[in-house]
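Single-letter residue listing:
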Amino acid sequence: MSFAPPTVNGGGAVGAPTGLPLLQVSHLAKAFNGVPALREVDLEIAAGEVHGLLGANGCGKSTLIKILAGFHQADGGRVLVNGEEVPLPLGPRGLRDHGMAFVHQDLGLAPSSTVLEHMALDSYGASPGLRRVSWSSEVARVEELLARFEVRIDPHATIDTLSPVQRAMVAVVRAVGGQELLADDGESTGRILVLDEPTVFLPRDEVELLFALLRRLKAQGDSVLLVSHDLDEVLAVTDRVTVFRDGRLVGSRDTEGSTRGDIVQMILGARDEHVPHEATTVSDDAVPMLSAKSISGQRIRDLSLDLRAGEVVGVTGLAGSGFEELPELLFGARRLRSGTIEVDGRRVSRPSPGEMMALRVVLIPADRKAEGAAQGLTVVENLALPFLTGHSRGWRLRWRELRELAQTICRRLNVVPPNVELTFGNLSGGNQQKALLGKWLETEPVVMLLNEPTQGVDIGARREIFRLIRAAVSDGMAVLCATSDYEQLVEMADRVLVLQNGRLQHELTGADITKDSLAASVYSEGAA
Amino acid sequence: MSIVDKTPTESADNVDAGRVRRGFFREPERFALIGVWIALIIFFVIMVPQTFPSTANLSNMLGSQAVLLILALGLIIPLRAGDYDLSIASVLTLSAVIVAALNVNQGWPVWQAAIVAVVAGFAIGVLNGFIVTKFDIDPFIVTLGIGTVVVGITYIVCNSATISGVDRILSKVMLSKPFLSIPLDFYYAVALCAVVWYLFDFTAFGQRLLFVGQNRDVARLNGVAVSRLRWIALTCSATIGAVAGVVYVGTTGSADPVSGAGFLLPAFAASFLGSTALRIGRFNPWGTLIAVYFLVTGITGLQLMGAQQYVQQLFYGGALVIAVILSKIVRSRSERKRLVK
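Residue numbers (our numbering), protein chains in the order written: chain A, 1 to 528; chain B, 1 to 341.
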């Protein structure tokens with residue numbers, strides 16, 4: 001590390017000379033609609049440490065952060081700050097009045113406002129808003145703050161002129177500065193800065209700048225709780241890590257002396273048995289139904305792939321690796337920056353959803369509520385949308401035919417209740433997804449692009465969805481399935497593409513697709 | 001792991017299905033506005049028995065609101081797509097002034113003047129849609145600005161003066177009463193209502209427009225040409241606004257650059273109030289028709305009971321606010337129903 005920590009206080013425990021943990025969470029529990037998200041988890045953060053919180057998707061780490069931030073209320077458990085119990089439930093400000101500051105993934109900065117304006121917001125935050133802002137003293141405070149943490153950014157610069165890592169640093173310094181203002185009258189206890197996936201959007205070579213900032217915070221006696229998927233980063237910057245799995249505490253351990261293998265083992269738990277499906281092998285010289293050549297999008301860089309009739313291709317990676325972008329990029333729903341897409345040998349010059357649908361390529365988006373269906377309209381209206389042109393006489397829609405069509409879809413896919421006049425939003429998640437799958441299968445697609453097809457879907461519906469997709473595939477459909485659910489890939493995919501930083505990093509096929517091998521390639525160090 | 005076909009959630013859904021009433025009698029709230037309207041009529045028949053139920057009054061109420069109804073029917077087309085058209089009343093005024101100026105000042109035949117007026121409205125709609133979709137700007141702002149520009153043009157066309165003496169033929173086409181002593185313009189408005197109904201409920205265009213308004217991402221991911229539909233909807237509203245202007249100049253026989261602006265708020269009030277009737281939460285033509293006549297019943301009745309001119313503002317403004325509150329309540333209630341499950 002090229003950054004020497006400033007030796008103001010010689011590092012170590014400034015706020016907690018007694019050796020008490022700065023934050024102690026014990027037996028914290030939380031359930032949503034009866035489904036436990038956190039089962040009596042513990043977490044301890046010492047003064048002056050960078051603590052990593054790890055776990056797979058849905059392990060409960062974001063639920064914990066949201067409870068500490070006052071967004072959710074815990075069902076039970078205890079929270080102690082500096083050894084003193086904080087009564088539950090926490091108010092809407094969470095632990096913010098107890099020395100905790102939060103920086104979320106989106107950073108919460110307004111692009112056209114300046115660094116100074118953001119920070120000044122905090123110093124008149126609590127007042128009614130009519131007090132005159134003393135800009136000169138604000139400038140002095142902000143300049144001092146930035147200088148103290150060796151962040152060389154002009155306070156008058158607007159956020160949109162800063163690089164991504166500079167923005168992240170502004171958010172961090174701002175959060176620290178806000179805590180200092182709050183603690184102005186009271187004695188300065190140690191602070192905890194919570195960073196929720198701060199590096200997902202940062203270029204890899206600049207992340208070190210942010211980490212240097214975290215080390216300087218640590219040197220001043222502050223603590224950092226870092227939530228991250230990226231094991232390399234966690235190993236590089238943290239002192240201790242805590243791992244959750246399925247809402248339970250797996251354990252905590254010192255980072256020093258831990259290998260990535262140890263931590264992966266903690267995240268994934270006992271090795272799962274392999275649940276293979278009858279793997280179909282498609283010969284390489286089969287004509288691809290969809291072929292993409294060196295396409296680039298927002299995150300994806302220079303990616304090429306072929307989807308052949310009769311195969312399911314999985315795509316996965318860490319959050320931010322670009323795998324989530326691929327289905328929409330291929331469907332023309334996101335702007336293609338470069339590269340070409342061919343469907344059934346024909347080049348698509350300007351991919352758009354309408355164009356791709358005409359070529360019988362369909363997309364089932366991840367977010368059913370926002371993108372899959374209009375929740376306030378009826379089932380028949382939602383299911384009829386792609387079939388309107390085919391079912392009209394002149395201009396007039398044949399509603400009777402459309403209704404029969406929707407009923408057929410619901411019956412075939414076992415959608416319950418089978419009442420097509422029902423508002424779509426009244427169906428359960430699993431039934432919504434089955435209805436949407438049935439709608440698109442009814443268009444007899446040659447390529448189906450899936451994005452997290454079983455998110456928020458109950459286990460019964462999940463099985464049915466897998467079965468239906470496999471049935472359509474054996475009839476010659478090509479499927480691309482983007483998901484971070486490894487089990488799903490093991491059950492469904494004939495081969496899996498693993499993306500890192502927007503590029504294709506590994507390809508697994510057939511029996512090599514296991515939860516372990518997937519996790520290993522997803523977390524593996526970049527080959528490049 | 002065994003595959004369980006009937007999960008608990010699914011059986012819960014089954015129970016829920018039993019509670020869904022089908023057909024005409026589902027959601028009795030749909031008829032609340034009609035119920036209140038009938039109650040209002042009965043109230044005024046009792047309170048002002050000589051004047052309120054008279055043929056002259058009924059004929060006057062039905063005929064005088066045709067312009068407003070036509071305007072509101074134009075407005076609900078972009079509203080269905082989720083877009084406001086604030087320029088529609090300015091287009092009405094411009095159209096009326098064009099007819100009067102060409103017919104009276106230039107001596108054109110009135111039907112030619114009417115065609116020019118409607119074409120002008122069409123052109124303004126095309127411009128609105130172009131700016132909104134090509135530059136991706138909120139139509140609220142675009143139509144506010146364009147509407148104001150249109151007002152300016154109106155002043156130029158009529159030289160800031162009222163033009164009267166429009167060809168009597170136009171009045172005859174609008175106001176003669178061939179049957180039931182109701183002026184013709186009422187029938188035109190009802191005919192347009194049927195056309196919009198057909199468009200909304202029985203064409204692919206109407207269904208796609210609905211999806212554009214409900215959820216643009218869903219529409220886009222289903223291959224709907226979202227921008228083109230929004231453009232068409234804004235063109236429709238301005239064109240129908242111009243038609244309303246022609247009807248207006250026919251009913252009054254003159255045109256001035258100010259009076260059309262007074263139609264904007266009542267048209268919004270009727271559209272939003274109409275969306276609480278018949279098809280709750282959706283802008284719909286028959287609901288709009290009921291809302292227009294509900295509002296005029298209240299205003300006329302109160303005026304016959306001796307209320308002053310200001311009752312109009314109180315009624316229209318109040319109706320707009322109450323309508324949006326009602327639709328919000330209905331929506332959050334149905335969402336709660338969903339969550340309770």
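Simulated from the structure, these hints should not be mistaken for lab results.
For every residue, glycine included, the Cβ atom is placed at its ideal position computed from N, Cα and C.
Don't take each hint at face value.
[Unchecked claim] Partial list, derived from the structure: chain A residues whose beta carbon lies under 7 Å from chain B:
1. L88
2. V287
3. M357
4. L359
5. G390
6. G394
[As the list claims (entries may be wrong)] According to the in silico footprint, chain A covers these stretches of chain B (three or more CB under 8 Å from chain A):
7. 41-47
8. 221-235
Open item on the list: Is the interface hint satisfied for A:L359? The criterion is a beta-carbon contact with chain B at less than 7 Å.
Closed with: Not OK, violated: A:L359 not within 7 Å of chain B, min 11 Å.
Open item on the list: Hint A:G394 vs chain B: min CB-CB distance below 7 Å?
Closed with: Violated, about 9 Å.
Task: Stated coverage of the stretch 221-235 of chain B by chain A [criterion: 3+ residues, CB within 8 Å] - done: holds (count 5)
Task: Proximity test - 8 Å, beta-carbon atoms, the stretch 41-47 of chain B to chain A, at least three hits - done: violated (count 0)
TODO: Classify the hint on A:L88 as holds or violated, based on whether any CB of chain B lies nearer than 7 Å to its CB.
DONE: violated, 24 Å
TODO: Under 7 Å, Cβ to Cβ, is where A:M357 needs to be relative to chain B, so tell me if that hint holds or is violated.
DONE: Cβ of A:M357 sits 4 Å from chain B, so the hint holds.
Open item on the list: Given A:V287 as an interface hint, is its Cβ closer than 7 Å to any Cβ of chain B?
Closed with: violated, 25 Å
Task: chain B contact restraint for A:G390 - C-beta distance below 7 Å - done: violated, 10 Å
Hint compliance for this structure: hints 1, 2, 4, 5, 6, 7 are not met, and every other hint is.
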